[in-house]
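Heads up: the protein sequence lines correspond to chains A and B, in order.
Residues 1 to 126 in the working numbering are what the first sequence spells out, letter by letter.
Residues 1 to 249 in the working numbering are what the second sequence spells out, letter by letter.
Honestly, I wouldn't trust all of these hints.
[As the list claims (entries may be wrong)] Selected chain B positions facing chain A (Cβ under 7 Å, derived; list incomplete): (1) TYR13; (2) PRO21; (3) VAL99; (4) ILE100; (5) SER118; (6) ALA139; (7) PRO161; (8) GLY164; (9) VAL209; (10) GLY224; (11) GLN227; (12) LEU231.
In short, the hints are calculated from the structure, not lab data.
Backbone N, C-alpha and C define an ideal beta-carbon position, used for all residues, glycine too.
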Amino acid sequence: MTPELRRPLPRTWWLRKQSYLFFMIRELTSLAVLAYAILIITAIWTAAGDGSFTTFFDFLKSTTSVITHVGLLILALVHTFTWIALTPKVMVLWQDDEQVEPDVIAGANGVIFLLISGAVLWVVLG
Amino acid sequence: MDVAEAVFEVHRYLPEQEAEPRFQEYEITYQDNWVVLDALNYIKDEIDSTLSFRWSCRMGICGSCGMMVNGEPKLTCESFVKEYDTETIKIEPLAHFPVIRDVVINMDDFMEKLPTVSPWLIPEEELPIEDGEFLQTPAQVAHYNRFSMCINCMLCYSACPVYGLDSSFTGPAALALAERYNLDSRDSGMGARADVITAHEGIWECTYVGECTEVCPKGVDPAGAIQMLKLSYALDWAKSLVMPRGSRS
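Bound-form chain A, shown alone (with noise of 0.2 Å):
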């Protein structure tokens, strides 16, 4: 029997396509999404153990932590959103006989995402 011939996937495949790189990203994003969940969770952690939270609220009026919280906006906006539209494909709905538009589900799906989010954030800020 002649030997098949292997080709293994490369490293690099993600930079073959731009839709492999956009996937990497859409990933990555969670990630930075993770690390700032725990980030946030150890600093009230410690500032919870010290007694005091003056020295984290000087911290989050920092620059380097403004910077870093606008980035991290930015990734979790775009994690959120890709997330978002991907629901159409899980949550196939029909109507009577008829199958409901892609874009409502999505769209339906924003609107519960903004309302939350601005209901959080009344809370947060009122």
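On the provided structure of chain A, position chain B as indicated by the hints.
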């Protein structure tokens, strides 16, 4: 009939003669109604009879002429030569599969995986033929119809980097067919298929790159099917916690 010149750069692998693969160029004159498969058949008939490739129906039904055309998985019987404006048209075997010869791949892995998802109707109970057909309304057909169009061409496996990195992944076409039967009103096999579908190599291996859907020549949307499977089996698992006797799986 308009004619034009094209250069085909074709992957050659002749294991009984050469240890390493290489590319061979063929300059041809093609008619503007030729698809890539016509060009390959012209090369084989008129220039180099040693070139090997699979094909059969020439009309996008049999799914056997899939190859990488300029790096994209394509059915060569549906890809017109004139639509490629590159200097050369590069023909390679479907990515992620072992190559037997030239652009002929070994499809055993897919053929072994396909029956593992039980891609056939599993009725709740076997009824005698005298009871007649299992009737369906057009709406019931619409629920699964798009997933039933798969021609097993394996372009989706070739586009899927998850399968390229880990060939144990059950893969897009097999899982889409599983969902096609899960959604069928005549089928009660969701539980019977659960072990294979929800295994680590099944739906949870999919990270939703989505390219399987992009390259599918029949509009099957395997990526969507896999996400639907994730939701339905996750809900089924949740239901089994709340109502242990009511779950389907």
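Against the structure, the hints:
Taken as an interface hint, B:TYR13 checks out: its beta carbon lies about 5 Å from the nearest beta carbon of chain A, inside 7 Å. Interface hint at B:PRO21: satisfied, since its Cβ lies 6 Å from the closest Cβ of chain A, which is below the 7 Å cut-off. A least Cβ separation of about 4 Å between B:VAL99 and chain A falls short of the 7 Å threshold, and the interface hint therefore holds. A hinted interface residue such as B:ILE100 counts as satisfied when its beta carbon comes closer than 7 Å to some beta carbon of chain A; here the least separation is about 6 Å, so the hint holds.
At its closest, the beta carbon of B:SER118 sits 22 Å from a beta carbon of chain A; the interface hint therefore is violated under the 7 Å criterion. The beta carbon of B:ALA139 comes within 4 Å of a beta carbon in chain A, closer than 7 Å, and the hint placing it at the interface holds. Hint on B:PRO161 holds. Least Cβ distance to chain A is approximately 5 Å, under the 7 Å limit. Here the hint on B:GLY164 is kept, as its CB sits about 4 Å from the closest CB of chain A, short of 7 Å.
At its closest, the beta carbon of B:VAL209 sits 5 Å from a beta carbon of chain A; the interface hint therefore holds under the 7 Å criterion. Given hint, B:GLY224 at the interface with chain A, holds; its Cβ is 4 Å from that chain's nearest Cβ, closer than 7 Å. Because the beta carbon of B:GLN227 sits about 4 Å from the nearest beta carbon in chain A, less than 7 Å, this interface hint is met. The beta carbon of B:LEU231 is positioned within 7 Å of a beta carbon in chain A (closest approach about 5 Å), and the interface hint is therefore held.
Hint violations for this structure: number 5 only, all remaining hints satisfied.
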